[in-house]
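*Asks:* Chains as they are written, first to last, in our numbering: chain A, 1 to 353; chain B, 1 to 252; chain C, 1 to 68.
Be a bit skeptical, because a hint or two may be false.
[As the list claims (entries may be wrong)] With a straight-line cut-off of 25 Å between C-alpha atoms, the simulated DSS-like cross-links for lysine-lysine are:
#1 C:LYS68 to B:LYS7
#2 B:LYS7 to C:LYS9
#3 B:LYS7 to B:LYS186
Bear in mind the hints are in silico, worked out from the structure with no lab data behind them.
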Amino acid sequence: MSERVLMKGNEAMAEAAIRAGCRHFFGYPITPQTEVAAYMSKKMPKIGGTYLQAESEIAAINMVLGAASAGVRAMTSSSSPGISLKTEGISYIAGSDLPCLIVNVERGGPGLGGIQPAQSDYWQATRALGHGDFHVLVFAPSTVQEVVDLVFLAYDLAEKYRMPAMLLSDGLLGQMMEPVSFPEPVEKFIEKPWATNGHQNKRPHNIVNSLYLAPDELERTVVERFARYAKVEETEQRCQEYLCDDADYIIVAFGATSRVSQSAVDTLRARGVKAGLLRPVTLWPFPKDAIRSHIPHVKGFLSVEMNMGQMVDDIRLTVEGKVPVEFFGRTGGVIPRPAEVVEKVLTMAGGDR
Amino acid sequence: MAMVYEKSKMLTDAPLHYCPGCTHGIIHKLVAESLEELEAGGRAVGVAPVGCSVMAYNYFSCDMVEAPHGRAPAIATGLKRALPDGVIFTYQGDGDLAAIGTAETVHAATRGENITVIFVNNAIYGMTGGQMAPTTLPGQVTQTTPYGRDVTKAGFPVRVCEMLSTLSGVAYAERVSVDTVPNIRKAKAAIKKAFETQIAGKGFSIVEVLSTCPTNWGLTPVEALQWLRDNMIPYYPLGVYQDRTANEKGVF
Amino acid sequence: MARAIIDEKICKGCGLCVSVCPKKILRLAACRMNDKGYNPAEVTDQAACIGCAMCGIICPDSAITVEK
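Please work from the sequences and hints to get the whole structure.
*Replies:* Quick look at the structure:
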């Protein structure tokens, strides 16, 4: 590990990607992810890497597809409206079984929305990053250090399972400065015998493709991919728990809202309410096992999000009606205050204490 | 007896799915023969489009990537940046390159992206059954211009080589045709030169190949070649539209 | 001495080779179909072939090999 330095979330993310072996960044300017591209444009030329400002988000994600086909660690970053444009390419990347890293520094929506932090792309990230049957690994850091750590993990798992990975950050985390230390640079990468990097007349030609005209062939391919997804769901769920073991009420929150929620938990505990926080680190695969493990002792779950209630769907699907699941959120770039969250939990608990 | 003409080893044994007399097959051969003669097959990566030639990845024996509709130049860009010594080409039709992929084409060209684009212009969307393409001629009847392309409503065809020739990143742009054997020979020379341009690192190269679609034009393959001569060549004159290959550094 | 060898299994009977042969020694078989259902091209007078390879060059399906 390097010594600790004070860095902005977006810049730390870019530095982490470089240390994780990314030498190919393709992007298009959009607020609030600008620092990622700016950092890459400064660093990449000095280390023999590629920073390329594409003509569109669509072109950028397809450049990622091309570079990933060649077997290198490629990356693009954007913010909500830009991610919508990338969904075509993400679907093709998933359909071609290519690993890559896609960053969404979320802002409010729909449409042009706003430029303040939001989590209103949860549904998009976990369900709708393009047409067709597929999943993307989705990581939700809550500190700048975790941004760094998850970039490394995202590349490793994307390559292990041959699927795209998304880091879901937000304007708050992207702009915030915190001390971080970086893992040692990655120098050894896994073999990619499938890469279209020129066969040098030494092997049959490789094809990167998502087209299967025969229905049975397409079905077989998708089913095989879903067998891989099942393995991911079984082994890669990640979350962090805070005071959950004896909790009557568990707040489920990811990213920036988890920080707000942790303050709320402390306040609630001080007021005699046994509250806890379960913070999903992976949004897909969703940490169902951890949530389920608490069903026997909790009186209710509360999903706290910066949107109108999206992750709450996954909690309800996990809890299957066994205990109440409620939602509290602010949207449009408004960050929930701890006091609002405390109030909501107190209401669930049956009044003030 | 000596071999005078045989199938290129840069083509696989897969039978082509194209309609009888479709000139895609001829153009595939020219690309394959050029790569073979330049001994570039081992480091070549081709990008197939969406359109009739979507399954080109099955036909070329080099590594191949299949692109979303119109995005081939962006994918080729990613490949080339990752494989600077690779010989990277796209093979695209007119709808792919000059409609849905216009931005990717123009910007790869203006960046001087060191890739080769093989642009097959047959003035129609073939795979979807013969709709108006960006290159459909004024007055030409297609499924979606049943009364002929009315330029007051549907606008004018795009002349790709002329348009791209204005960009500083274009090292080599030539329009050729495959309607006769002499023209096929010239087309081959152009394609080979385009690959040589890339191998020498001189910038973006494109060869536009006027091609036929007998099925959707409603003509026999031989009549289609005549239609190309009579209608397409006057609107899309053959020739070199940009050539900066004499410069030692090409476009840069 | 030259000859054009047509792989009838691959031929789609498009007739482009017939249209360019300078010696007019190619035709589409009138009463014969290949497995694909096409009338394949055939050489009517192999001895007259000059090995110019124009048939091979224009064949979209690489069905023709020319020797000389």
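*Asks:* Hint by hint, note whether the structure agrees.
*Replies:* Status of the hints after comparison with the structure:
{"no.": "1", "hint": "C:LYS68 to B:LYS7", "verdict": "holds (16 Å)"}
{"no.": "2", "hint": "B:LYS7 to C:LYS9", "verdict": "holds (15 Å)"}
{"no.": "3", "hint": "B:LYS7 to B:LYS186", "verdict": "holds (19 Å)"}
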